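**Q** Chains as they are written, first to last, in my numbering: chain A, 1 to 577; chain B, 1001 to 1175.
Source of the hints: derived by calculation from the structure; they are not laboratory data. Model, not experiment: these values are computed from the prediction. Each residue gets a CB set at the ideal place from its N, CA and C atoms; glycine is no exception. Honestly, I wouldn't trust all of these hints.
Label pairs and their in silico Cβ distance ranges [as the list claims (entries may be wrong)]:
no.	chain 1	residue 1	chain 2	residue 2	range
1	A	T412	B	R1155	51 to 61 Å
2	B	E1064	A	G550	28 to 38 Å
3	A	G65	B	E1109	30 to 40 Å
4	A	M1	B	A1016	31 to 41 Å
5	B	Q1072	A	G65	38 to 48 Å
6	A	G571	B	E1064	45 to 55 Å
7	B	T1077	A	S215	42 to 52 Å
8	B	E1062	A	G571	42 to 52 Å
9	B	R1155	A	S215	49 to 59 Å
10	A	G543	B	V1114	35 to 45 Å
11	A	L15	B	R1101	54 to 64 Å
12	A	P439	B	G1159	27 to 37 Å
13	B	D1111	A	L409	28 to 38 Å
14	B	T1077	A	W437	27 to 37 Å
In silico negatives: residues of chain B with every beta carbon more than 10 Å from chain A [unchecked claim]:
no.	residue
15	Y1020
16	G1038
17	L1044
18	S1047
19	G1053
20	L1058
21	A1061
22	E1065
23	M1066
24	V1100
25	D1111
26	V1114
27	R1155
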Amino acid sequence: MIRVLTPLPVLLPLLGAATALLIGGRHPRAQRTASILVLSAVLAVSVTLLLLADAEGAAAVSVGGWPVPLGILLVVDRLSAMMLVVAGTVGLGVLVFAVGQGAADGDDETPVSIFHPTFLVLMAGVANAFLAGDLFNLYVGFEILLTASYVLLTLGGSAPRIRAGVTYIVVSLLSSLIFLAAIALVYASTGTVNMAQLAGRLADLPPGLQLLLQSMLLIAFCIKAAVFPLSAWLPDSYPTAPAPVTAVFAGLLTKVGVYSIIRTQTLLFPSGALDTVLMWAALATMVIGILGAVAQTDIRRILSFTLVSHIGYMVFGIALGTAAGLAGAIFYVVHHIAIQTTLFLVAGLIERLGGSTGVDRLGGLAKASPLLAVLFFVPAMNLAGIPPFSGFIGKLGLLEAGVAAGTWLPLTLVAGGVLTSLLTLVAMSRVWSRAFWRPAAQSPREDTFRAAAANAGPELASAPLPPADAAPSPDGAGPTAAVARGAGQPTAWARHTAVAMAIAPGIDGLGNEAEPQRPGRPLSRVMVGATAAMVAVTVALTGLAGPLYGIADRASADLRDRSPYLTAVFGGGEDVP
Amino acid sequence: MTPTVVLPVIIGGLYAAGVYLLLDRSLTRVLLGFLVLGNATNLLLLSTGGPPGLAPILGYAEAEEMSDPLPQALILTAIVITFGVAAFVLALIYRSWRLVRQEVVGVDEEDRRVARRSGTDADEMDPDQLAPEDRSAMHADTLAADRHVEAALERHFPGIPSDDVDLPQTGRGDR
């Protein structure tokens, strides 16, 4: 059963993409239905796989029936099945959101005939990366999802997207090249790229060579996961894409990198040689990322920076290397995929309703749409780690694991984690209080216009213009004072207007052309429905935290043990060198 | 087998040239750098296969005489991927040229804006930010004129008009 199901999460989206491409131009409705059906099927298969893998343990499928160390190998264990389920859920939610957006706006933002096939290819690449049983297949999975993401990020080909896409593509290409070179070196030194075989053979290499291979793989994955010194590309490139694309990128793509780090660190290099480096990277990622978020004024950029920052939590858990740390990291990955995607979808709704994502320009959204306010508030508090949400549970697990480790470096990271959580709350509550809570009239534009008018006073209209020759006397005393005051009024008005204009739309206060304010549009029911469903999923993660954390615990035990994976690949006691 | 120095030197040279090109701001050079780096990596993969042998076809050569087929399969895949991505990047460069008449890596304007940001609103000017000798008028123990403060604010926040406009000038404070 599990052998039949395992290839499906890769196969179904690829076939679906071909179908969607074929029927795309003429039957957009059929195309939408087809892609939603395909992703629903993938989700169903993934859930079945998770249940089977949790009950029966890991399983390996050799594609094409080649004997084990030769062919392409797909391995499903608790970790990969869990990732598949979350990826399927998130992908489906985002797809429905995109369909709603396409139906409401026409196809300007997301040209349907390209969007759907590319999105399905992206999901196939993600699934392939999660299931890959050898390093080269992992590379191929990465390339599939990256190539699809290049197309999605530059969808529509407008100037800002091309600019952002170029940065993203060049960085991704570099990381892929490092990854490929690492694979070449691994093959040169061990004669295999099969991960289960590597698990045995890498340990025999000289320590220096091991360290080189491990650091090359880690650098490649850390670029993809946006771990701090290698994270600058992310907040630059993500915010310009259409809302559903940013949402799925933020949720999934970085987490594929995190997943690969988990695999490398547990299966290939269990000695933990670079754990200290990873800890420092995790600390820097958390703190610097969240400081970036606090400085931003655009919701999508704030969210991009919190995304970078919270990757630090997962790296922290991985670097701890203990069972509790890994379990915490796995649970946090699941939580963070769901929550970050949801928040980006909400940002899409905010942009739609308010016409902008700049918190300085928004206002009064809580009154304009109480539903949207709830949809933002719940995941925002979840992200910040307010009990009882799943963010709190995940952070608590990681912090406990850090305290249990006991030495000074994990304790420093625990402190950094708490600080990051607090600053996340600051960033989120700033968005909340500015975009949602303050009355619309208080957004600076209207505020200053009105203040200028009020300050200029009602007399302005009625005040007689001073006669041209009646220059006010220097000391301003005597009967000319009133005239002088009257003459002052137009000047006052001019200065106030100047201040007001400095923040008026079109000019951003530094004299630069700002993004033009678009009029808000009503929310589409499908988009709100999809977002609400994703919010429900994040809340359900809290309810299901017990069973999920149980699976994460068992997955972490499997990872540290390594034998379930090896047994699944080699089939029992037979020892393949 | 006799170790050869030619391949490592070529690979190293290609990597050096590729990284140099990749660091350039012009997108065409970045693309060329990517292609050079891709070829360097392919050569690296090729060199992992050990000494060259006969074509790995059953019936054509004995198993001992064959060269290792796996690196060749990996290289083929890598070449296809490099080719596809290079085509996409070319299209991107062309599009960038059509749109903004330049093909360099762009600047993240929003990031620059956040980095440069300072008070844009007269209300955000805090007299406490002024040097002690400049902030006399806001404190009750001095008699200096308001316009000294105005002048100090003007020095510290050039280009932003004052909000203190509706009050008559208190020019007598410094007499």
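**Q** Decide, hint by hint, whether the structure agrees.
**A** Going through the hints against the structure:
1. A:T412 <-> B:R1155: 51 to 61 Å: violated, 43 Å
2. B:E1064 <-> A:G550: 28 to 38 Å: Because 52 Å falls outside the window, the suggested range is violated.
3. A:G65 <-> B:E1109: 30 to 40 Å: Since G65 of chain A and E1109 of chain B have Cβ atoms about 55 Å apart, the given range 30 to 40 Å is violated.
4. A:M1 <-> B:A1016: 31 to 41 Å: Violated, at about 53 Å.
5. B:Q1072 <-> A:G65: 38 to 48 Å: violated, 22 Å
6. A:G571 <-> B:E1064: 45 to 55 Å: This hint is violated: roughly 29 Å between Cβ atoms.
7. B:T1077 <-> A:S215: 42 to 52 Å: Given about 24 Å between the Cβ atoms, the range is violated.
8. B:E1062 <-> A:G571: 42 to 52 Å: Violated: the Cβ-Cβ distance is about 30 Å, outside 42 to 52 Å.
9. B:R1155 <-> A:S215: 49 to 59 Å: The hint (49 to 59 Å, Cβ to Cβ) holds, given that R1155 of chain B and S215 of chain A are roughly 52 Å apart.
10. A:G543 <-> B:V1114: 35 to 45 Å: Check passed, 38 Å falls within 35 to 45 Å.
11. A:L15 <-> B:R1101: 54 to 64 Å: violated, 42 Å
12. A:P439 <-> B:G1159: 27 to 37 Å: At 30 Å between Cβs, range holds.
13. B:D1111 <-> A:L409: 28 to 38 Å: holds, 31 Å
14. B:T1077 <-> A:W437: 27 to 37 Å: violated, 53 Å
15. Y1020: Correct as stated: the minimum Cβ-Cβ distance to chain A is 13 Å, above 10 Å.
16. G1038: violated, 7 Å
17. L1044: For L1044 of chain B, whose nearest Cβ neighbour in chain A is about 4 Å away, the distance does not exceed 10 Å, so it is violated.
18. S1047: About 7 Å separates S1047 of chain B from the closest Cβ of chain A, which leaves it inside 10 Å; violated.
19. G1053: G1053 of chain B is indeed farther than 10 Å from all Cβ atoms of chain A, at 15 Å.
20. L1058: Fine: 14 Å to the nearest Cβ keeps L1058 of chain B off the interface.
21. A1061: Given that every Cβ of chain A is farther than 10 Å from that of A1061 of chain B, nearest at about 18 Å, it holds.
22. E1065: With a cut-off of 10 Å, E1065 of chain B remains clear of chain A, as the shortest Cβ separation is near 18 Å.
23. M1066: Correct as stated: the minimum Cβ-Cβ distance to chain A is 14 Å, above 10 Å.
24. V1100: Answer for V1100 of chain B: violated, closest chain A Cβ roughly 5 Å.
25. D1111: violated, 7 Å
26. V1114: The claim is violated: V1114 of chain B sits with its nearest Cβ about 6 Å from chain A, within 10 Å.
27. R1155: holds, 18 Å
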